[in-house]
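Participant: Sequence:
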Amino acid sequence: MKDMQKAYQVAAVAVKQRFTEQRPKDLAILNKISKKDIAVYSGSYDHVEKIFQCLKLPIQINPNPQKLDAKIIFVNCSNSYKNQLINTLREQVENGKWLVTSDWALGNFIHHAFPNTIRWNKQHTSAGWQK
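Going by my numbering, the first residue of the sequence shown is number 235, and it counts up by one from there.
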């Protein structure tokens with residue numbers, strides 16, 4: 235994981251540098267983010283919270299979904315999610331919140347939260363890279 239942490243740190247520096255040079259208005263928005271704006275739910279594989287930590291952005295990790303006030307919700311991939319979390323976050327999205335997930339959350343979270351909208355095709359992402 236040491237290599238991934240280094241990658242997160244390099245990416246954070248690159249984002250801030252690019253925003254400083256090319257997108258100062260976006261940098262101003264990024265700098266105004268408060269802890270109540272972003273919620274991250276832990277998973278088994280992805281760790282988006284580490285990216286936010288490298289960007290020095292305050293976030294809520296695994297907040298009570300019933301009391302969620304975040305505008306943007308990140309769900310890391312996991313082998314399973316509690317039905318209550320799925321249902322509550324679906325309601326939050328239906329009420330205007332933004333949901334960001336990784337591809338691996340598709341079959342275990344998105345498919346259940348939003349049936350008949352998007353679903354996993356039973357192929358792993360690595361399948362397309364194998365020749």
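Treat the hints as calculated values from the structure; they're not laboratory data.
Fair warning: there could be bad hints in the mix.
[Stated by the list, open to error] Here are the simulated BS3-like cross-link-like pairs (lysine-lysine), alpha carbons at most 27 Å apart as the crow flies:
1) Lys250 x Lys269
2) Lys250 x Lys284
3) Lys259 x Lys236
4) Lys266 x Lys316
5) Lys290 x Lys301
6) Lys270 x Lys356
7) Lys316 x Lys250
8) Lys269 x Lys305
[Claimed, not checked] Each pair of labels, with its calculated beta carbon distance range:
9) Asn355 x Asn321: 31 to 37 Å
10) Val244 x Trp332: 23 to 29 Å
11) Thr254 x Pro349: 16 to 22 Å
Heads up, the beta-carbon is just placed ideally off N, CA and C, and yes, glycines get one too.
Participant: For every hint, state whether the structure bears it out.
Facilitator: Status of the hints after comparison with the structure:
| no. | hint | in the structure |
| --- | --- | --- |
| 1 | Lys250 x Lys269 | holds (19 Å) |
| 2 | Lys250 x Lys284 | holds (16 Å) |
| 3 | Lys259 x Lys236 | violated (33 Å) |
| 4 | Lys266 x Lys316 | violated (32 Å) |
| 5 | Lys290 x Lys301 | holds (24 Å) |
| 6 | Lys270 x Lys356 | violated (36 Å) |
| 7 | Lys316 x Lys250 | violated (35 Å) |
| 8 | Lys269 x Lys305 | holds (10 Å) |
| 9 | Asn355 x Asn321: 31 to 37 Å | violated (24 Å) |
| 10 | Val244 x Trp332: 23 to 29 Å | holds (26 Å) |
| 11 | Thr254 x Pro349: 16 to 22 Å | violated (43 Å) |
Checked against the numbered hints given earlier, the structure breaks hints 3, 4, 6, 7, 9, 11 and satisfies all the rest.
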